[in-house]
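Visitor: Chain B: place on chain A using the hints.
Chain by chain, the residues run as shown.
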Amino acid sequence: MGGTFLFDGRPVPFEEGQTILQAARAAGHYIPHLCWHPDFPPHGSCKLCIVKVGGRHVSSCALPARDGMEVESNTPEINGERRALLQMLFVEGNHFCPSCEKSGNCQLQALAYELDMSSARFAHFYPDRPVDASHPDVLLDFNRCIFCELCVRASRDVDHKGVFALTGRGIRKHLVVNAESGRLADTDFAVSDRAADICPVGVILHKRVGFAVPIGERKYDEASISIVAMEKGE
Amino acid sequence: MDSSLETAADREQLRRVVIDPVSRVEGHGKVTLLLDEDDHVREARLHIVEFRGFEVFIQGRPYWEVPVMVQRLCGICPVSHHLAASKAMDRVLGIPITRSAEKLRRLMHYGQILQSHALHFFHLSSPDLLFGFESEVGKRNIVGVAAAYPEVARQGVLLRKFGQEVIRATAGKRIHGTGSVPGGMNRHLAVEDRDALRAEIDRMVEWSRAAVELVKRLHRTDPALYDEFGRFRANVMSLVRADGAMDLYHGALRFRNADGKILVDKVPDQSYRSLIREQVKPWSYMKFPYLQQLGPDEGWYQVGPLARVQNCDFIPTPLAEAERREFIDHGRGEPVRATLAYHWARMIELLHAAETIRDLLGDGDLLEGALLADGERGTEGVGIIEAPRGTLIHHYQVGDDDLVTMCNLIVSTTHNNQAMNTAVREVARRYLDGRKLTEGLLNHIEVAIRAYDPCLSCATHALGKMPLVLELADAGGAVVDRVVRD
Chain A
1 MGGTFLFDGR
11 PVPFEEGQTI
21 LQAARAAGHY
31 IPHLCWHPDF
41 PPHGSCKLCI
51 VKVGGRHVSS
61 CALPARDGME
71 VESNTPEING
81 ERRALLQMLF
91 VEGNHFCPSC
101 EKSGNCQLQA
111 LAYELDMSSA
121 RFAHFYPDRP
131 VDASHPDVLL
141 DFNRCIFCEL
151 CVRASRDVDH
161 KGVFALTGRG
171 IRKHLVVNAE
181 SGRLADTDFA
191 VSDRAADICP
201 VGVILHKRVG
211 FAVPIGERKY
221 DEASISIVAM
231 EKGE
Chain B
1 MDSSLETAAD
11 REQLRRVVID
21 PVSRVEGHGK
31 VTLLLDEDDH
41 VREARLHIVE
51 FRGFEVFIQG
61 RPYWEVPVMV
71 QRLCGICPVS
81 HHLAASKAMD
91 RVLGIPITRS
101 AEKLRRLMHY
111 GQILQSHALH
121 FFHLSSPDLL
131 FGFESEVGKR
141 NIVGVAAAYP
151 EVARQGVLLR
161 KFGQEVIRAT
171 AGKRIHGTGS
181 VPGGMNRHLA
191 VEDRDALRAE
201 IDRMVEWSRA
211 AVELVKRLHR
221 TDPALYDEFG
231 RFRANVMSLV
241 RADGAMDLYH
251 GALRFRNADG
261 KILVDKVPDQ
271 SYRSLIREQV
281 KPWSYMKFPY
291 LQQLGPDEGW
301 YQVGPLARVQ
311 NCDFIPTPLA
321 EAERREFIDH
331 GRGEPVRATL
341 AYHWARMIEL
351 LHAAETIRDL
361 LGDGDLLEGA
371 LLADGERGTE
381 GVGIIEAPRG
391 TLIHHYQVGD
401 DDLVTMCNLI
411 VSTTHNNQAM
421 NTAVREVARR
431 YLDGRKLTEG
441 LLNHIEVAIR
451 AYDPCLSCAT
461 HALGKMPLVL
471 ELADAGGAVV
481 DRVVRD
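Residue numbers (the UniProt record's numbering), protein chains in the order written: chain A, 1 to 234; chain B, 1 to 486.
Treat the hints as calculated values from the structure; they're not laboratory data. Here the structure is a predicted model, which means the values were calculated and not measured. Yeah, the Cβ is synthetic: ideal placement off N, Cα and C, and Gly gets one too. Heads up, a few of these hints could be off.
Where chain A lies over chain B, by a calculated footprint (3+ residues, C-beta under 8 angstroms) [what the hints assert, rightly or not]:
1) 168 to 181
2) 397 to 404
No more than 25 angstroms apart at the CA atoms, straight line, and that leaves these computed lysine to aspartate or glutamate pairs for DMTMM-like [what the hints assert, rightly or not]:
3) A:161 with A:39
4) A:207 with B:102
5) B:173 with B:363
6) B:173 with A:221
7) B:436 with B:36
8) A:161 with A:197
9) B:173 with A:222
10) A:219 with B:193
11) A:161 with B:401
12) A:207 with B:380
13) A:207 with B:55
14) A:173 with A:188
15) B:161 with A:217
16) A:207 with B:374
17) A:207 with B:400
One side of the interface only, derived from the structure: several residues of chain B facing chain A at Cβ under 7 angstroms [to be verified]:
18) 62
19) 65
20) 187
So that you can see chain A by itself, here it is in the shape it has in the complex:
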């Protein structure tokens, strides 16, 4: 049974089974997200899609819409929380945008611009995360991982290879490669895999194509992520 809820004061219709995020997008309202992807089930880990419903902060990608809900999304309070989450993601890894090949195509960077993040605010962790360059066609730069698990899900559910996994808990959580050696070259990963093109940040990169498209002419250089995400269904 569908119905209607209020999204930032505007009525949004929904169908039975739709989440808040799905219904809002269908009605043309963008909600920031990182771990959510239209081709995959909700994951609810990045919390960027947080909204306020009846005084509670919930993940809009995971919560089914209900008739009569009042949802707050694009408010100073909620955007402030999103910005704090982004700042924590930035300091947790090593994000050096100026020489990152993903710059301009990176959702983390684009959201930082979208949400007016002007500083890292917190102390940087500077974790030691060596890159894995063992595969002939793909480079893994773990410095930039935000633990969205999109590569884990794509490799497991689409490619049926299970190349990636998260291991460790809490602050020690990190992305690993499912091989005894831990090296990507020792898996059956291929550059044509879905997982090779799913990373929203700059962890999984095709080798030897650095800066072929000039900075300034890339996806989020041309339009903000709130526009790109809606127009391209991302």
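Guide: Leaving out everything else, chain B in the frame of chain A:
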């Protein structure tokens, strides 16, 4: 060659005067002078006190990031690092770059030369030259120049702006663009940018001629100062094109001795290590390069405009070539060695850059043609370019996994390390020795350093190679343990 005043014998007994920071240069450096009771200078050193370390943290990064990452060394001439790294990576990839790509890179580079030389002369050095070394310190800056000589300041600012526009049109941004990539370029010149630059270029050539005239007038006005200040014998090194022409983008290494005689010529860029060695000294983060066959005491050398203008056989643009001939004639058969002649030579190069840009802008290859090529992958590459401040060497080794395993950077300012120290000592000996020090007198030292247009932030990268002495002393000051790493 003269290296006295480098280290005094009785350092503890001497009075210490420090110029910190040296102003109107890029980066942070300081000068220490040790004086005895009679104000005689006993020791003079230029120290580079900041540490950058790019050689180390570039290791383990994929090679395609390098041209973009290393240019963050500097905000004044990032293009030089961008292009030197790209040239080195061209070699790693075994790619002879396409005609269009090389011309676009040349345009970018000569835009860089133009803007950097204009910045250095007009913004940083002209206040000393126009007002005098001991003039009122509050006016000795570009704002003071704008008030007293508005047309000079205006032309300087607009020359620099034009150079930056050339960079923007080829690299995408005025500072830290990404136009050059290993194996070529990622963009052509847009027709509208070409047309906008062409509309301005004749005026830029004229203003560059006026800049050369301005320096010549200064030389004529006070030959005793301009021909003698900080004058000393030095070897010189630069890239030279195969036919002997000045070429700031590519060539082979040529080395002349202090008499102007060619000692070494046509050394391919890939073989620079057969020519140059580097010495470390315990009191500076910056290394001291020297020509291997002459050794560290005799083999140090100058790079940059003064070296280049006299090391080449000719400049391949007519106006700058005429100025070069006049400059050479000024030496009356001897190499021109005065420190302030750097400015004259630099303005001749400014004119050469403007002429080169004018010629390139008429070339259709900038607008179309292949930008990238294929090659046979190797594991090592050297890229050498004549940056505004002098010869810039980038050397990389890259593993089969595409990660950089070794990086060696010898930047222009490092080549000039001994020469700048010698200039400081010459000036200290001639102008400061035995006198009560004033701000104006100390500025003489800075004027000498400034002539080299040093970029101190670019110059310090070695890690784990510096000699180090660690002493553990007890409460009474007696040394109880000592560790030395050579």
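Visitor: Evaluate each hint against the coordinates.
Guide: Going down the list of hints, with the structure as the test:
no.: 1; hint: 168 to 181; in the structure: holds (count 7)
no.: 2; hint: 397 to 404; in the structure: holds (count 4)
no.: 3; hint: A:161 with A:39; in the structure: holds, 18 angstroms
no.: 4; hint: A:207 with B:102; in the structure: holds, 24 angstroms
no.: 5; hint: B:173 with B:363; in the structure: holds, 22 angstroms
no.: 6; hint: B:173 with A:221; in the structure: holds, 13 angstroms
no.: 7; hint: B:436 with B:36; in the structure: holds, 12 angstroms
no.: 8; hint: A:161 with A:197; in the structure: holds, 15 angstroms
no.: 9; hint: B:173 with A:222; in the structure: holds, 15 angstroms
no.: 10; hint: A:219 with B:193; in the structure: holds, 23 angstroms
no.: 11; hint: A:161 with B:401; in the structure: holds, 23 angstroms
no.: 12; hint: A:207 with B:380; in the structure: holds, 18 angstroms
no.: 13; hint: A:207 with B:55; in the structure: holds, 22 angstroms
no.: 14; hint: A:173 with A:188; in the structure: holds, 24 angstroms
no.: 15; hint: B:161 with A:217; in the structure: holds, 23 angstroms
no.: 16; hint: A:207 with B:374; in the structure: holds, 15 angstroms
no.: 17; hint: A:207 with B:400; in the structure: holds, 12 angstroms
no.: 18; hint: 62; in the structure: holds, 6 angstroms
no.: 19; hint: 65; in the structure: holds, 5 angstroms
no.: 20; hint: 187; in the structure: holds, 5 angstroms
Taken one by one, the earlier hints all hold for this structure without exception.
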